[in-house]
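J.: With chain A held as given, fit chain B onto it using these hints.
Keeping their order, the protein sequence lines are chains A and B.
Each residue of the first sequence is one higher than the one before, starting from 1 at the first, in our numbering.
Each residue of the second sequence is one higher than the one before, starting from 1001 at the first, in our numbering.
No wet-lab data here; the hints were simulated from the structure.
Mixed in with the good hints there might be a few duds.
As the list claims (entries may be wrong) - Some chain B residues well away from chain A (every beta-carbon gap over 12 Å; in silico):
(1) T1012
(2) G1120
(3) G1178
(4) G1191
(5) L1195
(6) P1264
(7) P1304
(8) W1344
Stated by the list, open to error - Examples of chain B residues lying across from chain A (beta carbon under 8 Å, computed):
(9) Q1087
(10) L1173
(11) W1197
(12) G1198
(13) F1287
(14) W1291
For every residue, glycine included, the Cβ atom is placed at its ideal position computed from N, Cα and C.
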Amino acid sequence: MISASAILGPLGCGLLGLAAVASVIRLRRLPVRARYAVMLVAALAAFVPIGGLSIAAYVRGVTGDLSAATLVLAGAACFTQLTGRTLTGHRDKQALCWLLALAAAFLYPFALGWTRFDPYALGFGSVEFVTALLLITVAAWVTRLNLIVLVVVVAALAFLAGAYESRNLWDYLIDPLVSVYALVRLLAPRIIFRQPTNRSP
Amino acid sequence: MPPQTAGASAATPRYETQLLPNSTAQSVHSATAAEISGGRLVAFWYGGSREGASDVAIYTSVYSLKEGTWSPERAAMTRELAQRHLQRYIRKLGNPVVGRDSKGRLCLYFVSVSVGGWAGSAVNLMVSEDEGETWSPPRRLVASPFFNISTLVKGVPLVFSDGAAGLPAYHELLGKFGELLRLDSEGHVIGKMRLSWGQSSLQPVIVPRSDKEAVGFMRYSGDPPNRIVMVRTGDGGVHWSPPARTELPNPNSAIGSVLLSGGPLLLAFNNAAENREDLSLALSTDFGNTWRIARRFEGGSGSPQAPVPEYSYPWIMQDRAGDVHVLYTWGRSRIKHVRFNRAWLEGRP
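Extracted from the complex, chain A is given alone in its bound form (with noise of 0.2 Å):
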C-alpha cells in the first residue's frame, strides 16, 4: 500500500517547482489562458515521469518533505500569479517570517551538535513545545495575523495525520528552504538600503 507521504511529500515539491515557476516568469503578466497552459505545462514536467522518477521526486531527494510555512506561502503564490490576486497581505506575511526567522535561529545552529541541548527533541511532544506554539497560535489570532494561524493549524493537522514520515512536529512546521527566503525576504530590504551612495558630502 502506498503511503500518504509517498503522495504527499512529491505533491509538495511539485507545489514549490510550480511557484517558483510562476514567480520567476511572472506569471501574472500573461493572458489568463496562456497562464493555465504554462502551469499545466509546468505540472505535467514535474509529475510525470522520466527514467522512473519525476522532477518532484528528484527535488524530495534534496529537500525531503516539505513544511506547511513552505506549502502555504507556495500555495499562495501559485494563486496570485494565476488568479492576479493577492492572498496574503504584507504585514500577515513580515510576520511570519519574523517567527519563521526566529525559530530557525532557535532550532538549527542547535541541531547541529553544538551543545547538548537539542532543540529538535522537542518536537516528539514536548508539553513545553506545544504549549508555547499554542500561546503564539492565540497570540497571533488574537491580533489578525491570521497567515501564522494558517500555517499552525495546516501543519498541527498534518502533525496529527501523519501525513509525513517524520513524528516531529518541527518538520511540519519548518524547514531550511522557508528559514532562507524568510530571513532573505527580511534582511533583503536593509541591505538594499544601507549601500553607500555616490553623493559627496
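T.: For chain B alone, coordinates are given in the frame of chain A:
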C-alpha cells in the same frame, strides 16, 4: 575460502576465520550480522566498484553455525530499488546495521545519500517477519531538521524496556556527534537523546547491562590523544554522562562491543592511535572502568596480511551457544569472519 580452524569444542579453545563470499564487488565495507532461526547468522554489508559508487549495493549472506559455511552472497538492496521504493532520487548506499525490534522482527537499517558525501546521509528501515527471507519496502527515518540529512548508523540496534527500538546514530554535517534514536513499532523516530556534542565523536555503540544501565563507546575524530570515547547511563538512557576518553587508543575508526554471557564486556577495536593495521580484543570485568588486551587477531605475524593492511568496522556478537563472532572489513576488499569461544578468548594471547 574454507574456515581456518584452531579448535572445535566448547571446552577447548576454538578459533576459526574465513572470508565471506564476494563474487563481484571490488570494494566492500561495514558488515553487520544477527543470529536467526535454524542455527544461522545473517550478515549484510555494502559493496561495489568503490565506496560511494552508484553501483554499491547492500549484500547479504547466511552462515550455518553447524557447518561453518557462508552461502553465496546476493544483493538485498540496490540503489535503484531504494530509489523506486523511497520515491526520491538516491545517489549511493552506505552502512547497513541489522537488529531485532521488540516483536522479534529483523530490522535492517541502511544509509542512503541523495546529494553530496556521507554528511548528506539519511537512514532507511526495512523489516522482515520471516527471518530475512523477504523484506518490507524501505521507509525513510527522519532524524534531522536539515532536509533530514546527516544521519548515519553503525552501532547495534537495541530494545528499550518499554518496547521501543533504540538505534544508535550519528551526524557528520559540520558537527560530529552521537545520538540514540527511539523508534515506535512502525519504525517512526519518536524521540532521541544526544550522547555527545561538538565535532569529535561518532559511530556510537551502546551495550546495555540492565533496563537502566548501559555504556556507550564512540569513535574519536578530534585532536590527540586519540582515545575511544565512552558515555554511561543509569536511568535507561534518559540521561547520559558527558563523553570521556578511555585509556584505549582509537585511530578515528569504528568500534564493536558486546556484553558476553556471564558479565565481561568485550571490545573489538584498532589498538593503535594512528592506523587501522591492528585489530584487537579488550576485556573488561567492571563494565568498562578498566580493560586488558585479551587478543590480537590482525596485525600480528600469525595472520595473513590483506593487500591493503586495513582492518576496520568490526561488528561483534555472541550466538546462543556462546561463541563470539566478529565480522570486519579486511583490506577493503573482503569481509572477514572470526569465530571463537570463551576458552580461546581467555587463553594465553
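J.: Does each hint fit the structure? Answer for all of them.
T.: Hint check results:
no.	hint	verdict
1	T1012	48 Å, holds
2	G1120	9 Å, violated
3	G1178	9 Å, violated
4	G1191	5 Å, violated
5	L1195	10 Å, violated
6	P1264	31 Å, holds
7	P1304	41 Å, holds
8	W1344	40 Å, holds
9	Q1087	5 Å, holds
10	L1173	7 Å, holds
11	W1197	5 Å, holds
12	G1198	7 Å, holds
13	F1287	23 Å, violated
14	W1291	27 Å, violated
Hint compliance for this structure: hints 2, 3, 4, 5, 13, 14 are not met, and every other hint is.
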